[in-house]
Each structure stands twice: as C-alpha cells, then as structure tokens.
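K.L.:
Chain by chain, the residues:
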Amino acid sequence: MWGKERVYDFLEKIMKKIPFEKKELVLSISSEELTRFANNMIHQNVAEENLILFLRIGEGRKKAVASLSNLDSESIDNLIKILKLLIQNQPDIEELILPKPQVYKEMKIELFNPSPDKRAEIVKKIIKKGEEKGVDTYGSISESINELSVMNSNGLFAYGTLCYAHGKTMYISESSSGYQECAGKDLDSIDFEILSEVALKKCLDGKNPEDLEPGKYEVVLEPLAVVELMEQISYFGFSAKAMQEKRSFLSLYQGQRIFSPLVNIYDDGLDEKGIIIPFDFEGVPKRHVDLVKEGVPLSPVYDTATAIKDKKESTGHALPPTDSSFGPLPSNLFFVPGNKKLEDLISSVERGILVTRFHYVNAFLDPIKVLATGMTRDGTFLIEKGKIKKPIKNLRFTQSFVEALGNVEEISSEKVILPFFGGFCSVPGLKIKEFNFTGVTEF
Amino acid sequence: MREIGREILNYASRLGVDYVDVRIVRRQREELSVKNGVLETANINETYGFGVRILYKGAWGFASSFNLENFKSTVDKAFAIAKATSSVNKNKVSLSPINPVKTQWKSSYKIDPFLIPFEKKLNLLFESNRIMREVSGISIALSEMEFFKEDKIFLSSEGSEIEQSILESGAGISAFAIEGDDIQRRSYPNSFGGDYRKAGWEFIEELNLLENAEVIAKEAVALLKAEPLPEMVTTLILDGTQLALQVHESCGHPTELDRVLGTEASFAGTSFLTLDKRGKFQYGSEIVNIVADATHSYGLGSFAYDDEGVPAQKSFLVKNGLFVGYLTSRETAGIIGENSNGTMRADGWNRIPIIRMTNINLLPGDKSFEEIIESTDDGIYMSTVKNWSIDDKRLNFHFGCEIAYEIKNGKIGKMYKNPYYTGITYEFWRNCDAIANEKSWRVWGVPNCGKGEPIQTARVGHGVSPARFRRVKVGGK
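Going down the list, the sequences are from chains A and B. Adding 611 to a residue's 1-based position in the first sequence gives its number in this note's numbering. Adding 36 to a residue's 1-based position in the second sequence gives its number in this note's numbering.
The set of hints was computed from the structure by calculation and includes no laboratory data. Warning: the hint list may mix true and false statements.
Stated by the list, open to error - Straight-line alpha carbon distances no greater than 25 Å define the calculated BS3-like cross-link-like pairs of lysine-lysine that follow:
| no. | chain 1 | residue 1 | chain 2 | residue 2 |
| --- | --- | --- | --- | --- |
| 1 | A | Lys827 | B | Lys119 |
| 2 | A | Lys740 | B | Lys119 |
| 3 | A | Lys857 | B | Lys453 |
| 4 | A | Lys729 | B | Lys453 |
| 5 | A | Lys729 | A | Lys739 |
| 6 | A | Lys736 | B | Lys350 |
Keep in mind it's a predicted model, so treat the numbers as computed, not measured.
Input sequences plus hints: build the corresponding full structure.
P.N.:
Given below as structure tokens:
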C-alpha cells in the first residue's frame, strides 16, 4: 500500500512534468493472490503485485491515452514524446472533457493482508468434505487489495481502496458436478462451509442425469445463472454509449414497461450491502442509478463523455482510460430480491427446470434483443409438481434476455454477491416462464 | 534484462527449492481506432515486470511484480506460497525433462509499425471509415489497428537462458446498419478487430482495407432487407474466418491437456477428449488432419521456445480423422509419460504460464474452393464470426455468422441474415467431406483467447481453408 499522501505527491510530480493543456492521471496499485485447486490438490498458487499509471491528455480538439507500469523518468519522458506525436498528427475532432473537483463521501473500508496459509487451511476443509463422499474437489480462492487514485488538471483528486475476496467450490463425480461461488469483503465474510455443502449436495444429487427434450420450460434460475443474464443485459443494454449508438434496447424502450413489474434493478457503488467502490476511473463519485423500476427501464449509466452528449451528469461509471472507447458500464449492480425462499419458487413450478449455473453465454447473435445462447452446467434438474424430480443432462438455450426479464414470475429472497465487469453484482434467483431450450449435450 | 534476471535466479536458487524459473517481460502495445469519423482510441501501453515460479517439495508457488528493484520480497512471496501449497498436497509435481539452452530469437517482419508515422496510420483509418460511412444506411463504421511488441527473457535453475522478441500487427474494419431492433454487421477481413500476424506494417498494407470498405458497408445494409436463414438440416460450407473459430473452440481447447486432467474444471471446464480416447476415437472424417504448429512463419501462436523453455514444435492432434495428440506442458506431459510439446505461455510478466494453443491448423485438402462450391447441389455458405458458445466439455456448440448465402446447383445465390449452425463436435467433423486446397489456406490471428484464473488472454493462430460439412442443423432467428 502506498497510502494517500505518497500517491498524491507522486501524481503531483508527474502532473507538473506533463506539458499538455488537459491531463488526467490514474494510478492503480493492486496486490492479488489466488489459490486454485483441482483433483484434491492445489495446482496453482499465485500472487501478483501490479501497478499501472494511465495518462489521458487533450490539446484543443485532440486527445490520446497512454499507460505504463515502469515509472522511471526515462520511460515517462519517452511516453510524453510519443503522446506529443500522436496529438500533432491527428485532425481536430473531439475535445477531451475532464470532470471538475468532486466531493467524496467518507467510506470505511477494512483492509487485510492476503494469506496463502489461510487459503490453504480453507482448501483442506473443502477437500476433506469431498473425500468423505468419494468425489473430487475443485475450485479457487482469491484475495485482492487495490488502491485507485485519480488526479486531473481541473484540480480533481480522488483516492480510494477496494478490497474483496472470492471463493469457488466444485465437486465432480463420474457422472455429475456441483458448483457454488460467492464474493465478499474478505475471506471471513464468505461462508465456505455452506458454499461447499451446497456444491457437494448438487454433485451427489446430480449423479446419472437423464435426457430431457429441449423446448420451452418454466425455469428457476439460481443466482449464479442470473448473474450471467445480468452481465449480458448490462453489457449490451445499460451503457449510455450503446444507447446513443442505438444498439441498446434502451434506445427503443426507455420508459416503457417491457420487463415484469417485479423487476427492480439499480446500480450503487456506495451501497454497503455490496462491496464499496467509491468513485470511477475519472474520479467521479458513484451515484445511485435506477436502471429498472417496476419493470420499466429508466436510464443507462454514464461517464463524462456520454453524459455531455445527453446533457446529463456523469453517474460515476467510467471504465479505465484505455477501455474508455467502450463507454460506461454498471459496476455495482443490485437486482432487488423478492420475499419468497428459493424452495418456494421451486415448489410453485408444475413442470420445469432448475438451473444452477450457465456456461459460455453469448448474445452477439442479436445485441438489441440480447438474444443469447449458452449452456447449463454443474447441476441441472427437472422439477415436477413442485419437487426436484431428477437430474438432467445439460441443455443449450437460445433466448432473448429482454424477453426473459419480461417473463419473470417470482424472485427469491436469497441473493449472492458475485464479481461483475471489474465490480460486483448482487443477484437473487428468478422464476421465469417459457424459457427456450434449443439443444442437448451428452452429460 | 539478462543481468537482473540472473540476480533473481541466483537469489531464488539459494532458497533450497526443487526448481525455479524467472521471466522478465516488456510489452508495448499501440491501439488506434476510428468510429464514425472520431478518433476513439489512441492508446499507447507499456508494461514491464517479472514473475518467478518455484517448485518446493513438489509444490508450486508463483509471484510477480512490477518492482524489479525489490525482487527479493517477490521471490520470498513465491517461496512462502509454495510452502503453503505443499502443506495441502499429498502428490508431488514432477517435470518431464528438457535440454537447457542459451539462445536468442526474433520474429520476422519487414517494416517496424512502431516507426511508421501516426499520420500514415490515422489516414488509413479515417479514409476506410469515410468510405464505409458514405454508403447510405450505415449507422456505425469502425476502423481498428493494433501493434504489439514483446521482449522477454526466460531463465531457469536447469540452466536455460532464452531471449525472445515478438512483433505483431493487425487491423480490420466493420460496418453496422441498424433499423429499429434489427442490427446487422459486416466486417473485413474478420470481425472483432480484423486479422493479426507476426509481421510488420507490410501486413497492414496487404490487407487492402480501403478496397474492401465499400463492399462490406453495402453488404451490411443489404442484410437489413435479407430474410433470416430458415431452420433446416443441410450441407454447410464455412469460410476461413468462421472455420478458424470452429477449430479453436472444438479442437484447440479440448486438446489442452490441463483441461483434460481437470485443472480448468471449475472455470472454463474440462474436455470430452479424455485420456482413454487417444489413438482410438474417430474425431472427424478421414480427410481431417489437425496439427499444433508453433513453428509457422507468421502465426500468432509461433515462437522459438515456450515459457517453460521447451522448443517450438509441430505435432498432430488429429490424423486422418483419428484423435492422436494433446497440447502439453512439462508437468502434464510427465503425467502421461511423455515430454512436453511446448505450449506453455503466460499473458505477460504477472501471470503464470499455462497450456495455450499455438497455431492449431486444419491442413488443406485437394479441391479448390470453387470446385467445392460447384460440386454442392444444395447448401448454405456462411462467413465471418458473429457469436459463439460451446459446452464445458466442448461437445455441443452454437455459432452465429454475419452473413449466409444459399448454394443451389453449384452456384452461390440468395443472401440470408442472422445465420447460425449448431451441432456436436465429433458428429460435425465426421461429416466433413471437403477441405479447400493450399490456394485458399491461411493462418488467421486470434488475439483474444481467454483462459485461466486470473484470466489470461493469449494470442493464437489457426490455419484453415474453407471446408464443407454434410447434415448440419442451421437456422436464422
């Protein structure tokens, strides 16, 4: 950790050295560790210490971005030389607009030191559970601490920290697999006991899956499946840039009730129910954005460039400068949970499918409808008369996720926090009617 | 790099470890893109640092840092991690043997793209973008270019000292036509950034972006009026861009031995090509021959040595339709009683090497592309990657393309939009009855293959020519 004062002094020194009219520095320092295990042993155990300095500069109606990890004077001088050439050789087109100084809410974020020994102890317990039931154990546990700071030539300075842990457990038998995953503020906030219990039960219950004909079924999507749905909806739909380029459903249906009235989704980086990210990569504080209220899509998220185009304020959703051409993305998404237990959702299904998790979901087929195809995996079950009847082989779905959110019938009270586009997402389980399965596989 | 590398290796070797390797890597990247006449991306990136991999009591530990001055704490971290690993593991890792080497290698190119004036690069992007936007009905025009340079040194406690320099160039253009909720895209020479090679500026000039800009823009607009491809089971001919992805997803990934052995199970998945199938399983028809070739002259998956110091090789994965080989590392090859065939690569200094595709090439057949079309009475021709999905054992796949054409009586006819095809990997390849010859064979560059945790992006290649498949389920939406 560098700390706020050291970061400020460093960025101020660089700021003075840079000759351009408009300039923004973003410094990201992170320490990330990850323990991966498979076949009842740790096969990969890594730690990385990263530093990236981003420079975004503007001169008149010209702009450019650079990044580097090597902070010696020679490297920085060389980069400034290249940036000068890049500015000189581009036509006048678009001005770089940087945010003004901002006020930040004081947030209490607990720091921790990643520990390979602590992770190893957790892994031992997870493996022991599998050994007792005669199945093999897989998964990963990671810990991450980050410092992010932004300084620009308008006088803005932001400094914040982000810490989180992430756990995945999986058990595999000869004919089945079970999986669970969760993120938290630190390792202690993740209940690995429950995570591994649930994954193990799915593996044991999923043995000897049977074929099921594809077709339209009522589904109960557990939170791990819902996060995949939300990733696609957000990627293709909730960016102001996608809306401005008319490639988002928002450009057609903003303000219209196209989703089930049960659906409420917002983004809020300061909501303490999630993992706090105080500001974005432009130093703009995270704002609460109601993305969907009672089934009506209301607004995308904005960065500074897209906000200016729509005569709005940035909502604090800018990506790192080298990715800024993509536009903004939600980074702390909350799908508001319902009142019923997941088991109540299942018990209300006459004949349908319980999906633990999706795999390899892709909606480039039709970005506006978010027409996605993907597979189920790690625990797919047939529900009959409100009860889990039997495990079934994995199915392929081809389904518009816009339409699926329109078909939401019930929402679970259980929710899970999961990583999401460099941020986090809190999602419940969903009961959805007429979910379209189009193919089967052999396991 | 060499001196500091030796210092790090010496320090780590004195800790009493079984094995240690050190990689120091400098990467430079230049990304330029123009969207609708606006310079959207003008990014210059440089990253420099090192990673150290330690095997202690048969257990792995890895640590990396941008801070080479303070290398001792990073090495100590890797050692502490290896100790933590060894506290859990009952089985010990052993590495298949290699011959240590001291050598240097540079990929070949004619014109260094980093020395080409920005003005020249930007002119090409703005001009191609203007041509696309002049076609009535185009909503978004995107022109992109990327140059990549990597200098790295690998040192190991077994005595290897390998320096390699890689230079790669790529470019592409895409035109989008949007009408209501219908969005159609055409790209050249491929979608998602174009095509990439181990080459210099000369490759960008060979691509002829300007000559193709109007063609793809008109196709994108025409697609808005085209009918969706009807659902049916038919004969399918795939162009090279789509077939490259088919090879990538349905042959490249399932032959990665780490996936087969389960070490990617909780993330990317496993593989249907289990150990018992090797040498016995009919993966495709007899004309299907697929090799992993890291020795190709311009493929993104080419190098002299992998990130474990194993020399680049060419080996069969599928021979005369039979599944015969895997992509291996020193650790995984040892498990099946072999030596590594050299496919371990890391995404920069901060990530650990894992098994990655090199150039996974479908060898050419004996008919010309024209002869394949002429000998097809009734079928569909599809081109250019649009969407992709495959199950976690790499069996059930679903791929969408940008454009399709009907083939009737040996001639290409009506255009269709939103085409997709779907199937089971081995059934699909067993129904391959024609592969175009050398004349239409080239290695396509795929710079964005994701795998591993933390996620790593690999730059890989796929040599293919168009091919024909019988009895394939296709459709539109």
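K.L.:
Give a verdict on every hint.
P.N.:
Status of the hints after comparison with the structure:
The hinted pair formed by lysine 827(A) and lysine 119(B) fails the criterion: a straight-line CA distance of about 52 Å is larger than 25 Å. Distance hint between lysine 740(A) and lysine 119(B) is fulfilled; the C-alpha atoms sit about 23 Å from each other, no more than 25 Å. For the given pair, lysine 857(A) sits about 19 Å from lysine 453(B) by alpha-carbon distance, which is consistent with the 25 Å threshold. For the proposed pair lysine 729(A) and lysine 453(B), the alpha carbon gap of about 54 Å is over 25 Å, so the pair is violated.
Pair hint lysine 729(A) plus lysine 739(A) holds up; C-alpha atoms about 16 Å apart against a cutoff of 25 Å. For a cut-off of 25 Å, the pair hint linking lysine 736(A) to lysine 350(B) is broken: about 43 Å separates their Cα positions.
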